[in-house]
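Undergrad: One-letter residues, chain by chain:
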Amino acid sequence: MSVILIAGETGQQGVTQQTLELVTAARSLAGDGGEVIAVFTGAQDAVAPALPADSVYLLKHEALGEKDSGTFDAATDVLSALASELDPDIILFARTDRGSVVAPRLAMRLRSAFARDCVAAAWDAGDVIVTRPVHGGNANARFRLAGKGPCVVMFRPGAHDAGAHDAGAHDPASSTTSSPELRNFDPAPHIRESRSKLLRTGQEQKEGVRLEDAEVVVSGGRGLGGPEPFTQLAELADLLGGAVGASRAACDAGWIDHSHQVGLTGKSVSPRLYLSFGISGASQHMAGCSSSRNIVAVNTDADASIFGDARFGVVGDWEKVLPAFISAVRDIS
Amino acid sequence: MRIAVCAKQVPDPDIPPSQFKLSSSGRAVEPPRNVSPVINGFDLNAVEAAVRIKESADSDTEITVISVGHGFALDVMKRALATGADRLVLVDDPSAQDLDAAGTAQVLAATLSMHGPFDLVLCGRQASDWDQAHVPLFVAELMDIPCVTVARRIDIDGASATVERVVPDGYQVVEVALPALVTVSNELGEPRYPALKGIMAASRKQPEVHKLDELGLTDEQIAPMVELISLEIPQRQGRAEMIDGADDAEKGRNLAIRLRHERLI
Ligand SMILES: Cc1cc2nc3c(=O)[nH]c(=O)nc-3n(C[C@H](O)[C@H](O)[C@H](O)COP(=O)(O)OP(=O)(O)OC[C@H]3O[C@@H](n4cnc5c(N)ncnc54)[C@H](O)[C@@H]3O)c2cc1C
Ligand SMILES: Nc1ncnc2c1ncn2[C@@H]1O[C@H](COP(=O)(O)O)[C@@H](O)[C@H]1O
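Chains V and G supply the protein sequences, listed in that same order.
So in the working numbering, spot 8 of the first sequence is number 8, and the numbers just go up one at a time.
Take any residue in the second sequence, note its place counting from 1, add 1000, and you have its number in the working numbering.
Keep in mind that a hint or two might mislead.
What the hints assert, rightly or not - Mimicking DSS-like on lysine-lysine, the simulated pairs with C-alpha atoms at most 30 Å apart in a straight line are:
no.	chain 1	residue 1	chain 2	residue 2
1	V	K320	V	K148
2	G	K1211	V	K148
3	G	K1205	G	K1054
4	G	K1211	V	K197
5	V	K197	V	K67
Said to hold, decoys possible - The calculated label-pair distances, taken between Cβ atoms and stated as ranges, are:
no.	chain 1	residue 1	chain 2	residue 2	range
6	V	D331	G	A1195	55 to 65 Å
7	G	G1026	V	G11	35 to 45 Å
8	G	S1230	V	G226	12 to 22 Å
9	G	D1244	V	A146	37 to 47 Å
10	V	G254	G	A1195	37 to 47 Å
11	V	R330	G	A1195	45 to 55 Å
12	G	E1232	V	G241	35 to 45 Å
13	G	H1261	V	K60	46 to 56 Å
14	V	Q203	G	P1094	23 to 33 Å
15	V	A146	G	G1026	18 to 28 Å
16	G	D1144	V	A188	43 to 53 Å
17	G	S1059	V	A122	17 to 27 Å
Unchecked claim - Covered stretches of chain V, as calculated for chain G (at least 3 residues, CB under 8 Å):
no.	segment
18	19-31
19	34-42
20	58-68
Don't read these hints as lab results, they were simulated from the structure.
Virtual Cβ for every residue (Gly too), placed ideally from N, Cα, C.
Sequences and hints are given; from them, build the entire structure.
TA: So, in structure tokens, the structure goes:
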């Protein structure tokens, strides 16, 4: 049994999906009789969210939250101080913008072992063993995390089920399924003077389904040859209630905004259906979509790598295949 | 102004997945034969960012490129000099291969302080070999300077930098006090190609080379905490079910019918 500290995050709809995924991971790493503690920095609410955690910290300070974004110095200061006090066995983060900055800094400050973008973690003879994709997704590596103090593990979004704990995985009699104990910790003494200032935030205007949540993703790559075809992809996405994705090559060419990029350095998606047009299937692209349940590839090159990852393939020119596909979809539905 | 760019030599990531091989020990990657290593792509973006600052600055700007590794291909690393960097510092040591991210960060921080002080340290957002994306944050922490990640634009304004960083649904503009570390992403734009004049000038320059034990680090500081146990090439789906048709348009229609049959649309 172990003590697991979760660095949670809240969004407009309260506790984020990724945080719930961390709770699932934490319960399994904590083991029977273990303790799961969640800490939220810059949370809006004063009420502990209903989480299958044993205790929750809601740390509020004017330097935390939105104001801190950019360098996340205050969150790093506060989480390091709390982690030193609690001395957990493992500290868990999700691979979010904030997690990607705070987790490594925290690990170095505590001189702890750190692993990023993990898809699995388990105890092995007193050490934590993690699995994470490396070399752009061409290989999966297992690492042993040694060193003193807590180890810091950051999980890839989607690595765990967000709702598994509702299904009775956690014994409700042994602890608190819905109302964790609210604990106090004063962040103020630990926050150093900020060395950065957030001047402005630019939001990409988005309508419809969020790419990360979409059940259908329609993606285009360099093979589309220009920005216009993305209008057709958007039309198809609309028709199927999905969202538009893209390869990095298409984003770099300026055909579509980078916020649509799927892949290792873009978004991770795992829709029911991933339709790709003119994408070759580089491992760094597949790293963001290989957990999709059904991948469909349309590509002129019969030897394109993506046909090895797809369930259905069409060797053909998107310019002919796509319009016919769209009109057939209209006829069917 | 003094700028340092941390740049790593990596195997070329632009190989088809079918050419990706593990060594017989199963614990290392076997770079494909006849494919030269490259400077990590995002590090070339970082060099480009530095050169743009140099071009826009009124005062003198000096760019020092620092790399830690072993078995350097000098012509590959000199690309940074050929596109506008002034100095190349290599920590070239067989035991650099045993470093983990924290150890690499210790070595980089020690090298930065040996050749410093620098007003700005630039890194790539991540290295395409181990996809760690955390060496720069470790370095910033060791140097106790702020770190702004995933930059697509950097403007210097006296004692501070204004950085546009890419976030999942847009961007942020952050002002940060110097000295600072900034990691650079491909959204900054294509790195320039070396011009003949640059290549000639670079060929005359020699790197400054250090061994690990010149840096004054203790064994404890660079002892690895993260140990690789195994590597495995993941299973792929196999060959897709190919949808046929008399022409491409018919294949498109047949695809819709097939997906409908599977209740996927
Ligand atoms: C560290 C790192 C991180 C990266 N992160 C990402 C990432 O997050 N996301 C990402 O996507 N990439 C990423 N990449 C880049 C990746 O390696 C590939 O370069 C990129 O995915 C290629 O995009 P593409 O498939 O659109 O282009 P290409 O590889 O050029 O493929 C274009 C395809 O279109 C086909 N085609 C051409 N004409 C037609 C036509 N008329 N009809 C149908 N098909 C046609 C061609 O046969 C070809 O297969 C990363 C790379 C590195 C090194
Ligand atoms: N051995 C190294 N030598 C020089 N720079 C490095 C080295 N390792 C990492 N870096 C820098 O840190 C960035 C991120 O690397 P990583 O954390 O390994 O993904 C790289 O893009 C480089 O800028």
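Undergrad: Which earlier hints turn out false for this structure, listed by number in ascending order?
TA: Failing hints, ascending: 1, 4, 8, 9, 10, 14, 16, 17, 18, 19, 20.
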